[in-house]
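Asker: The lines below spell out each chain.
Protein chains: 2
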Amino acid sequence: MRRQVTITPLTKDAFAPFGQVLTTEGSDHFPINGGMTERYHDLADVQLAGENPRAMISIFRGQPYALPLELKMVERHPFGSQAFMPLHQRPFLVTVAPDENGIPGTPQAFITQPGVGINIGKNVWHGVLTALEAEGDFLVVDRGGGGINLEEFFFDEPYLISRKQGALNSG
Amino acid sequence: MRRQVTITPLTKDAFAPFGQVLTTEGSDHFPINGGMTERYHDLADVQLAGENPRAMISIFRGQPYALPLELKMVERHPFGSQAFMPLHQRPFLVTVAPDENGIPGTPQAFITQPGVGINIGKNVWHGVLTALEAEGDFLVVDRGGGGINLEEFFFDEPYLISRKQGALNSG
Numbered sequence: 001m002r003r004q005v006t007i008t009p010l011t012k013d014a015f016a017p018f019g020q021v022l023t024t025e026g027s028d029h030f031p032i033n034g035g036m037t038e039r040y041h042d043l044a045d046v047q048l049a050g051e052n053p054r055a056m057i058s059i060f061r062g063q064p065y066a067l068p069l070e071l072k073m074v075e076r077h078p079f080g081s082q083a084f085m086p087l088h089q090r091p092f093l094v095t096v097a098p099d100e101n102g103i104p105g106t107p108q109a110f111i112t113q114p115g116v117g118i119n120i121g122k123n124v125w126h127g128v129l130t131a132l133e134a135e136g137d138f139l140v141v142d143r144g145g146g147g148i149n150l151e152e153f154f155f156d157e158p159y160l161i162s163r164k165q166g167a168l169n170s171g
Numbered sequence: 001m002r003r004q005v006t007i008t009p010l011t012k013d014a015f016a017p018f019g020q021v022l023t024t025e026g027s028d029h030f031p032i033n034g035g036m037t038e039r040y041h042d043l044a045d046v047q048l049a050g051e052n053p054r055a056m057i058s059i060f061r062g063q064p065y066a067l068p069l070e071l072k073m074v075e076r077h078p079f080g081s082q083a084f085m086p087l088h089q090r091p092f093l094v095t096v097a098p099d100e101n102g103i104p105g106t107p108q109a110f111i112t113q114p115g116v117g118i119n120i121g122k123n124v125w126h127g128v129l130t131a132l133e134a135e136g137d138f139l140v141v142d143r144g145g146g147g148i149n150l151e152e153f154f155f156d157e158p159y160l161i162s163r164k165q166g167a168l169n170s171g
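Chains U and S, in that order, are what the protein sequence lines are. For the first sequence, position 40 matches number 40 in our numbering, and the numbering has no gaps at all. For the second sequence, position 158 matches number 158 in our numbering, and the numbering has no gaps at all.
Hints listed in this document are in silico derivations from the structure and should not be mistaken for laboratory results. All values derive from a computational prediction rather than experimental measurement. Accuracy of the hints is not assured; some may be wrong.
Here are the computed distance ranges between Cβ atoms for each label pair [unchecked claim]:
#, chain 1, residue 1, chain 2, residue 2, range
1, S, N123, U, K72, 46 to 52 Å
2, U, Q89, S, E25, 18 to 24 Å
3, U, E70, S, F153, 56 to 62 Å
4, S, F153, U, K164, 55 to 61 Å
5, S, T8, U, T106, 52 to 58 Å
6, S, P64, U, D99, 43 to 49 Å
7, S, R2, U, P17, 37 to 43 Å
One-sided and incomplete, this derived list gives chain U residues near chain S with beta-carbon spacing under 7 Å [unchecked claim]:
#, residue
8, N52
9, A55
10, N123
11, L132
For glycine and all other residues, C-beta sits at the position ideal for the given N, C-alpha and C.
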């Protein structure tokens, strides 16, 4: 029997153990620039650790994955957080897993609302960028600097990530 | 006679004295995640200086300005860069000015291509976020920490920023 994970909506509470949700919804804000701009302020805990750390801004162009998908691997970055903000209005899939004595426990899978991003905390197990439906660009804020900032873990048996419990074919 | 500035297209070369253009166009990239994602890598020089600096991620929701516009004030941030990435596909206006012995010289105004952002270097004089056409959200990466990270300069006489030289009404 294949191990299954059911996708649930991304919420701030559900994602809190893994990082932050980047959204204006329910976030602190205040007016600047004579009231012409509203600043939804300081949404992420940007973590920059290790040797000679610096913040990097990149654009990731992701090809879309089909659902259900097999999650064979997760990775983590011991020295820094990694933020993904979609530059389009399509949802994407976020997969994370708690750490259990140095290896990932059972993954959780979240689907985002359009226009919503995430910041994954340092050393949090997560799946790779998973665009859905169409190719999509994402602004990424992560950490540059010295040292090996990547650890990968391959599951003995992949997890099947799907929208509905037991739905092997409908996504 | 009012001082006028004509808007020109934003290019990497023209903007180089002031910061970086955030775009996939002509930027270094390489495949990651088994070829499913292309990483347009390290597009910005994120500067974090001063007392207890940290990187912040915020969302700015900007009301649109009409063109031509009067530029009355520019500002700069002595301790950090500030990146603006549009979360929509409309162009926006970028106004910067060289420093001349501690005060801003003649401003330059650039219009972006859709999907293109900017990173303004620390201590570079610039106008406030200037959305055009419609309200727009921007992901902003700037610097938190101690000290006064804002300096404003009000021009004795505003500049008129317009699309065409001498066009006072057509924008």
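Asker: Could you run down the list of hints and mark each one as holding or not?
Answerer: The hints, checked one at a time:
1. N123/S <-> K72/U: 46 to 52 Å: holds (47 Å)
2. Q89/U <-> E25/S: 18 to 24 Å: Cβ of Q89/U to Cβ of E25/S: about 21 Å, so the range 18 to 24 Å holds.
3. E70/U <-> F153/S: 56 to 62 Å: Given a distance of about 57 Å, which is inside 56 to 62 Å, the answer is holds.
4. F153/S <-> K164/U: 55 to 61 Å: At roughly 58 Å between Cβ atoms, K164/U and F153/S fall inside 55 to 61 Å, so the hint holds.
5. T8/S <-> T106/U: 52 to 58 Å: holds (55 Å)
6. P64/S <-> D99/U: 43 to 49 Å: holds (45 Å)
7. R2/S <-> P17/U: 37 to 43 Å: Given a distance of about 57 Å, which is not inside 37 to 43 Å, the answer is violated.
8. N52: Since the shortest Cβ distance to chain S is 13 Å, the answer is violated.
9. A55: holds (4 Å)
10. N123: violated (18 Å)
11. L132: violated (12 Å)
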